[in-house]
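J.: Construct the complete structure from the given sequences, taking the supplied hints into account.
Residues per chain, in single letters:
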Amino acid sequence: MIVNILLYIDFLMLAVVVSAYIYSSMRERKYLKQEANQSLELQQKVYQAQVLKEISERIGYSLNTNKIVDIITSSLGSLLQYDTVAYMVLEEGGKVVFKCQVENTVNHEFIDEVKQKMLLSYEAILNTKIQTSGIDESITGNILDDAAKVRVRSYFNLPVVISGKLVGLINVASKEIGRYGDEQASVLYTITNQAATTVSKLQSVLKSEKGKLEAVIYSLTDGVITVDLNNQLGVYNPVIKKILDIPEDKILTMFDIVDGLAGKVDLRTKIEQSLAQNKSITLPEVILKDKALELTISPVKDDENQIIATSVVFHDITTEKTLDKTRQEFTAMMVHELRAPLTAVRWSSESLLKNLSAAAGTDPAKIKDTVITIETASNNMLELVNDLLDVAKIEAGKFDLNAQEYDLVELINEQAKAFRPQAETKHLAINVIGPPKFKMKFDRVRVGQVMGNLLSNSIKYTDSGQLDINLSVDEKEKLAIVSIKDTGIGVSREDLGQLFSKFKQLRGSEHARKGTGLGLVVTKGIVEAHGGRIWAESAGENLGSTFYFSLPIK
Amino acid sequence: MTKILVAEDDKLISNSLCDALTTEGFDATPAYDGEEAVAKAKELIPDLVLLDIMMPKLDGISVLWELKADPSTAHVPVVVSTNIGDVETISKIIEAGAVDYLLKSDQSVDDIIQKVKDVLNRTVKLG
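Line by line, the protein sequences give chains Y and L.
With my numbering applied, the first sequence corresponds to residues 1 to 554, in that order.
With my numbering applied, the second sequence corresponds to residues 1 to 127, in that order.
Source of the hints: derived by calculation from the structure; they are not laboratory data.
These figures come from a predicted structure and were not determined experimentally.
Just to be clear, a hint being listed does not mean it is correct.
To be verified - Here are the simulated DMTMM-like pairs of lysine to aspartate or glutamate, each with C-alpha atoms no more than 20 Å apart in a straight line:
| no. | chain 1 | residue 1 | chain 2 | residue 2 |
| --- | --- | --- | --- | --- |
| 1 | L | 11 | Y | 463 |
| 2 | L | 115 | Y | 350 |
| 3 | Y | 426 | L | 33 |
| 4 | Y | 366 | L | 24 |
| 5 | L | 57 | Y | 495 |
| 6 | Y | 325 | L | 24 |
T.: Structural data, given as structure tokens:
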């Protein structure tokens, strides 16, 4: 719809201002008569209203110069008496159009006289010479009779001004002397002036509408183009260049658009289809090199329901597609991570049942092993489900803390102690550095979970070396900062920023370890719920990493 | 004794699977990642490989391709056991040359043992 109107308005660029210059063959006259006859004035008003209505109806929304002058000219018959009415338009490129309507029989000389008077007047106003050789002349109406002894004895010339530029003259001429007096001058002046005002208003409305529409199209985040019926590119907005990877300063042609689509869509055929079926066609997924687009091709119609062009809207759906894929991957991973322990529980309990019902010969050690497998699997699953619930709470902003005053050092030591057996299986030492005691307010269980997650991660990704836990207190900023430094596989620069994202689990094929990556999301949520911050540093892959979290001291 | 290679990164699942297979009288050997699976398959030349898809270092489909590309292991029947149930993965698995696939969470241990026995019988008869 917007494109439709815009295109339409595109043709209607110009203003028409008609002002009257009245000449008389007899003498120069004053324009307005002070003592106008009351009834005549009323009659004139009715005429004027009628003529104006007719003019504006016929002009409609079309501001084509020739057409407007033509319409005004042919509407004057009901208002004035004349033998000929003519208009002369100087078109761009210097061509002169002269059109004369003969109302009462005159001779060729009469027409030539009208033409000469108009040319002279035209030249006088423009102050230049007009080439008379290339006049496009047409005479309509009554027949010409050279035997008729007639001359132009009175006439008017009315300049037509468009955007401050003279584009045409209207002439009424009579073979009678003194045909056009003050009354006629006044009527003509008023009529043309009002027509000018109406058209000016229309023009300014259209101009402001066009401005608004242009602003809308330019500010659209979708790329928009229009293609005319000769398959030429019409309007387009700057976004289209970004979408199709075309340099910003390039002036586009249809070729650039087709080229930008890299043969993924036969746009020409689709446009033809849309025109033939007289309806919109949507191509839901056009995959370019690094973009996914949704294309909508629609016929553009004018107010008479005639198709005048086609619009193509390029909607970039890359982000949605990527997000969709990420979400699918996340779901697939969660399903896998939940099914694995469930499967182990199921299979182990099946084996257990089988062994127990095998009457004699059941090995108690084997039964114990199986039960341990079940226990471990259940714990893993519970942990995962808890993480998922925590993430949901964090995302919903419903993460409640139970903050009380505790010794942070004590908590760190407890966690270090809890993880030492696990670390020792990989011959890793856990060192704690910091003050002997530091009391502050925090949620003991949740911060314990943060420590546990970070320690468990560090152990998982470190095969040799050690883990250093450091507590430092920033008195000025009122922050307690805990860091856990390992000598593990490290984190690449590009992955550092994504560590704490729900949908990102770093699954490098070389270093892949078990885990959903949800732990770090929960960890971040807990730290942020305390008003703290969490971040990681690493010199690069295989150079170890340090995870930091800060808690405000309250 | 019939040798079965259990390529499965989840230790718990691997434990319960190897347990069950041993109980049934098979010689079950675990491999905990894709690379280990390829190495052990080439070393042992097992009678059958039970192969997980989501594994570290080398995923199951790549393991399958490597086994099929090597003449010494190309004939070994591979049953893919996975929890990834999407059509795309399954068609990829079949295309890569697996004789069968099973969804772990849909199966009981007995089902898996039965499938292993079926595949072994079929292979022997065909051979």
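J.: Determine for every hint whether it applies to the structure shown.
T.: How the hints compare with the structure:
1. This hinted pair checks out: residue 11/L and residue 463/Y have alpha carbons roughly 18 Å apart, not beyond 20 Å.
2. The hinted pair formed by residue 115/L and residue 350/Y meets the criterion: a straight-line CA distance of about 17 Å does not exceed 20 Å.
3. Proposed proximity of residue 426/Y and residue 33/L is supported: the alpha carbons are some 18 Å apart, at most 20 Å.
4. With a CA separation close to 15 Å, the supplied pair residue 366/Y and residue 24/L stays within the 20 Å bound.
5. Restraint check for residue 57/L and residue 495/Y: the C-alpha separation of about 18 Å stays at or below 20 Å, so the hint holds.
6. With a C-alpha separation of about 42 Å, the suggested pair residue 325/Y and residue 24/L falls outside the 20 Å cut-off, and the hint is violated.
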